[in-house]
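Student: Here is how the chains run, residue by residue.
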Amino acid sequence: MQEIDRSTEIGLRKLVVYREDVVTEAGVAPIRPARQATAAAVVHNPWIGTGPTHDLSDAVAKMAPTLARLLTDRLIAALGGVDAIEAFGKAAIVGSAGEIEHGGALIHTPYFGNLMREFLGGDSIICFADTRADAGESLVVPLWHKTAAATRSHYQTVTTRVSDAPRADEIVVVAAASTGSRPHPRIGDRTTDPAITTKTLESVLS
Amino acid sequence: MKLRKVITIVEEIRTEGGREVYPPARIAVVAAVIENPWAGQGFVEDLTQGINETASDVGALLAPQVLEALDAPAEAYGKAAIVGLDGEVEHGSGLIHTLQFGDHFRKAANATTLLPAVEKRGPAGIVFDIPLKHITDATIRSHHQTVEVRIADAPHPNEIVVALAAAAQGRPQQRLAPLSSEQ
Numbered sequence: 001m002q003e004i005d006r007s008t009e010i011g012l013r014k015l016v017v018y019r020e021d022v023v024t025e026a027g028v029a030p031i032r033p034a035r036q037a038t039a040a041a042v043v044h045n046p047w048i049g050t051g052p053t054h055d056l057s058d059a060v061a062k063m064a065p066t067l068a069r070l071l072t073d074r075l076i077a078a079l080g081g082v083d084a085i086e087a088f089g090k091a092a093i094v095g096s097a098g099e100i101e102h103g104g105a106l107i108h109t110p111y112f113g114n115l116m117r118e119f120l121g122g123d124s125i126i127c128f129a130d131t132r133a134d135a136g137e138s139l140v141v142p143l144w145h146k147t148a149a150a151t152r153s154h155y156q157t158v159t160t161r162v163s164d165a166p167r168a169d170e171i172v173v174v175a176a177a178s179t180g181s182r183p184h185p186r187i188g189d190r191t192t193d194p195a196i197t198t199k200t201l202e203s204v205l206s
Numbered sequence: 001m002k003l004r005k006v007i008t009i010v011e012e013i014r015t016e017g018g019r020e021v022y023p024p025a026r027i028a029v030v031a032a033v034i035e036n037p038w039a040g041q042g043f044v045e046d047l048t049q050g051i052n053e054t055a056s057d058v059g060a061l062l063a064p065q066v067l068e069a070l071d072a073p074a075e076a077y078g079k080a081a082i083v084g085l086d087g088e089v090e091h092g093s094g095l096i097h098t099l100q101f102g103d104h105f106r107k108a109a110n111a112t113t114l115l116p117a118v119e120k121r122g123p124a125g126i127v128f129d130i131p132l133k134h135i136t137d138a139t140i141r142s143h144h145q146t147v148e149v150r151i152a153d154a155p156h157p158n159e160i161v162v163a164l165a166a167a168a169q170g171r172p173q174q175r176l177a178p179l180s181s182e183q
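Here the protein sequences line up with chains A and B, keeping their order.
Once you know that position 72 of the first sequence is 72 in the working numbering, the rest is easy, because the numbers rise by one and skip nothing.
Once you know that position 62 of the second sequence is 62 in the working numbering, the rest is easy, because the numbers rise by one and skip nothing.
Hints were generated in silico from the structure; no laboratory data involved.
Note that the Cβ used here is the ideal one computed from N, Cα and C, for glycine as well.
Certain hints may be false.
Listed next, the stretches of chain A that the computed footprint assigns to chain B, with coverage defined by at least 3 CB atoms under 8 Å from CB atoms of chain B [stated by the list, open to error]:
hint, region
1, 22-33
2, 154-165
Which residues of chain B face chain A? A few of them, derived with a C-beta cut under 8 Å, are [claimed, not checked]:
hint, residue
3, E20
4, E148
5, R150
6, G170
In isolation and in its complexed conformation, chain B is listed as follows:
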């Protein structure tokens, strides 16, 4: 893995809808800006080697850092792969849609559900939203939320931004009826 930089973002929400949020709602994101393992290789039919050389390492780098940044037990989580303009979205998907990537986060967070994800291609400075869902029950509606990210100078055309997001709670002021109440 050729790593250029690591970005950490922590949001603390103190009020929402004009009312206090207590304790403050916390969401953390950690993103790694890495070289696309398939950069300059043309169309690569079998992505297995690049996945095996990269996905577990980047998952192992990000998982402990996002939980440290959150500084609280994670209740919701999500992931992202933002591919620079010379790559394929398939490259980003290859890195994050594998158990060897996600299991680092699942284990560290005592989580069991699939990680919701965003994958897209764009220029440096692209804004992307990471979706988050509850770590053990993806139907818990209070925890469906997103966090927005922008890195001014990434991804370069030959790079991929791989990110993990964690929230310590559901949406601030969440007050929707649970899914079960409609069944």
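Next comes chain A alone, as it looks inside the complex:
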């Protein structure tokens, strides 16, 4: 699909795609090597100068769908297709003149989340991180399985950072994904867990 350039409409300054290919971990190649990636968009915060009672919905409807499309396109290209993607997560870093609520507005409504889920072929809730910070701050983004969120092997994180963003009046919006599990997952799953309660562990806890 031809990408329509809506940079100006959404106040886009830059896009940064970051990818990690793990070849070995603890000296051993994973049985199923995975790639992780983040796609980050630096946009102008449209709510600078508005107060905490300001209705955020107009700008959300205008910006969030374009961000979802742009960022998931970058992730899909970086990770080798929708079908290759198994886990996902999202994040926002709000510049110091904005509210965390502004970041939430861009990533937590259906205008971003539903579209990201659909573009990446998932049905899980998308896990997230958000913060308010100066330019160059790192944020650890959690990921989990896109169709089976409780799949323990896929609990993982990837670090995102843009060197010169967010400025005080900007927001960094991030979509993240992985093509598989942690490199050497071996902590079981709900299906293999013993039944653990305070009663079964009485001897350890007492």
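Fit chain B to the given chain A structure using the hints.
Tutor: Showing chain B alone in chain A's frame:
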């Protein structure tokens, strides 16, 4: 070469100074996190063997990948070696300041100039800037630029991060007079 992971970063700049950049300015970085070939050996006087066993291989790994990530002809380029805390900066320099490392990139990019470089030692998560200059004429001022990199968990004390950077253009909104205008 004991390779732990490969990092790819692509930046697309759409506006700078409040004005549109069209086409978007692209810079790509590809970094390999490898075990320091001299880890655990104490002071090694002659680095030749480790260089010969590693430098060409890591150059051959990175050169095609950084050009693929850039997805456009490279006009400027640079390189980096970031040595983990147990190594010497000399180890990183040994890997990147050899023709057998750089020639892979020069050939793939049809480049002729020396690659500008950063070498330093630091902990995992250290931020480093890779300097870039024009691929055939290092005096072209519009193409002097840098790209910033951070890998959250590298280099470990016994590792080296070796990276290549490529840009498809000079600085966005570059507008300095050329060097020749001052001569």
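Student: Each of the hints needs a verdict: does it hold here or not?
Tutor: Hint by hint, here is what the structure shows:
no.: 1; hint: 22-33; verdict: holds (count 5)
no.: 2; hint: 154-165; verdict: holds (count 4)
no.: 3; hint: E20; verdict: holds (7 Å)
no.: 4; hint: E148; verdict: holds (4 Å)
no.: 5; hint: R150; verdict: holds (6 Å)
no.: 6; hint: G170; verdict: violated (16 Å)
Violated hint for the displayed structure: number 6, the only one.
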